[in-house]
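J.: Chains as they are written, first to last, in my numbering: chain A, 1 to 294; chain B, 1 to 294.
A portion of the hints provided could be inaccurate.
When chains are identical, the list treats them as one kind, so a pair holds in a single copy or across two.
[What the hints assert, rightly or not] Straight-line distance between alpha carbons at most 25 Å, and here's what the computed DSS-like set of lysine-lysine pairs gives: (1) K200 to K227; (2) K128 to K197; (3) K235 to K128; (4) K128 to K260; (5) K6 to K260; (6) K245 to K29; (7) K169 to K260; (8) K18 to K200.
Calculated from the structure, these hints are not laboratory results. In this text the structure is predicted, and so the values were computed from the model without any measurement.
Number of protein chains: 2
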Amino acid sequence: MFDFKKYMKIQQRRVNEKLTALLAKTRQKSRLLSAMHYSLMAGGKRIRPVLCISAASAVNDTYVDVLPVACAIECIHTYSLIHDDLPAMDNDDIRRGNPTCHKAFDEATAILAGDALLTLAFEILSDKALSYLPDLQLEIIRILANAAGPFGMIEGQMRDIESETRQLKENELEHLHNLKTGALISASVNAGAILAKATKDQQQQLNVYAQNIGLAFQVIDDVLNVKGDPKRLGKAVGTDSDLQKNTYPGLIGLDRAEEKARDLVQHAVESVQNFDNRAEPLRAIANYIVRRDH
Amino acid sequence: MFDFKKYMKIQQRRVNEKLTALLAKTRQKSRLLSAMHYSLMAGGKRIRPVLCISAASAVNDTYVDVLPVACAIECIHTYSLIHDDLPAMDNDDIRRGNPTCHKAFDEATAILAGDALLTLAFEILSDKALSYLPDLQLEIIRILANAAGPFGMIEGQMRDIESETRQLKENELEHLHNLKTGALISASVNAGAILAKATKDQQQQLNVYAQNIGLAFQVIDDVLNVKGDPKRLGKAVGTDSDLQKNTYPGLIGLDRAEEKARDLVQHAVESVQNFDNRAEPLRAIANYIVRRDH
């Protein structure tokens, strides 16, 4: 029987140790590095890095060191949170139970820490010491830059802000989330799969998996913002309706939103049915998404 | 006789056309792309891209298409300006004679447009369509990520903000500028040189050139902030002393600052004396830096 909790703990520790090492590569102490470290080590669940690692091992259990790529992905994710939390954006004071970066430091430092984490991701990905073939290494950079860039995650965030003043249709909301959250989640799975030399078929199946859990993740985020426990969530609830955000519970009701998330997860699990038990972590992550309470 | 004005015009047009094409690669119209386009096309002098192109042709007049790399560098430079101008940073309303990005759009859009330009740079650099050898392409990505990242440009900007509350020594100010401005200028020259297959000796000489003009550029920027014509500069003057910034005129006086800039440029020109007349653009750019009035 696959022990998901234990698996997550092990992978999270690997990611955290590697991230610490990456930040400590110079002895330099600076306000900038402190702010980057603060947000990077603020207790994130490391879903994206673990997805990258798990996709790789689902394809190929010969050891492939995807950890640097997984950590670069977490740097990109953390930068996006720091900037999203800024007063000019979502104006959040609390993240994962702690003051957000601009509250713990200041706005200028938070903007720069975000910029620095984004750039650091590409330093990590282009590192000479990585053992991937150069063409493969370039492909990973391309996948992540595309997912995080102006035709992916950032466009999603822009649309999220723009849509605060008007009601979206369900397909518009879905497209928004596919950009804002889905693109980087898909890229995480895709990067892991490609590094493990997945076939085109496997890539395709994992892509369906990623798109479904990406959307499920966001639907559940919306649900938790309505009915979650702020203590467990480590952030305020009810903020979406305060900001008049477009959410699934707001659009289709709480019950149908929860049902939609369950359907998406089921679809995700079915899409990797041709994989053997090495895909257990991927199946467990999908199920965890609808079960989570924070 | 080398016609610097004509040369700059030709190169600027090439860069502008390529940047326009890069932004138009999808037909998508969005607020995000409009803001990116607005700042990218706000009349920048394209010094860094032209340095990249000129370094390549100084080494090798066989045609090497460095234009995509030159444009990626301009994206990185423009993102840094957008974020520097934000209210939480330098709080500038005018840049190159026009409202800054957050004034023309809003703060959230400006933050995202900056993020998007930085990420777009790495999309451009990792593009499959580039004809460089994969190892070389990776090296260019590494050089630019290092120069722009938390141990380069962003650390320089952090120190610039931190130093507003205390007086720096001359060597501290120099180190700050080497990070904030020098790192990306050096990377521009270095990237061009490497793409043109410069020898180690040539790289070394071009590196000395770049470091000297990078610092000269900043010293003259400080000088122009004291005595420049706001109409020609396209931005306010006297803002440095308002913000109690550490500047060369403030630290060593206006006359010695101008003398220092001339010395740096002379050193830069001497450092490329072993190059033939294909290095005329580099020499002309160095001389332009101390002559410029905006």
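J.: Report the numbers of all earlier hints that the structure fails to satisfy, in ascending order.
T.: 1, 3, 4, 5 and 8
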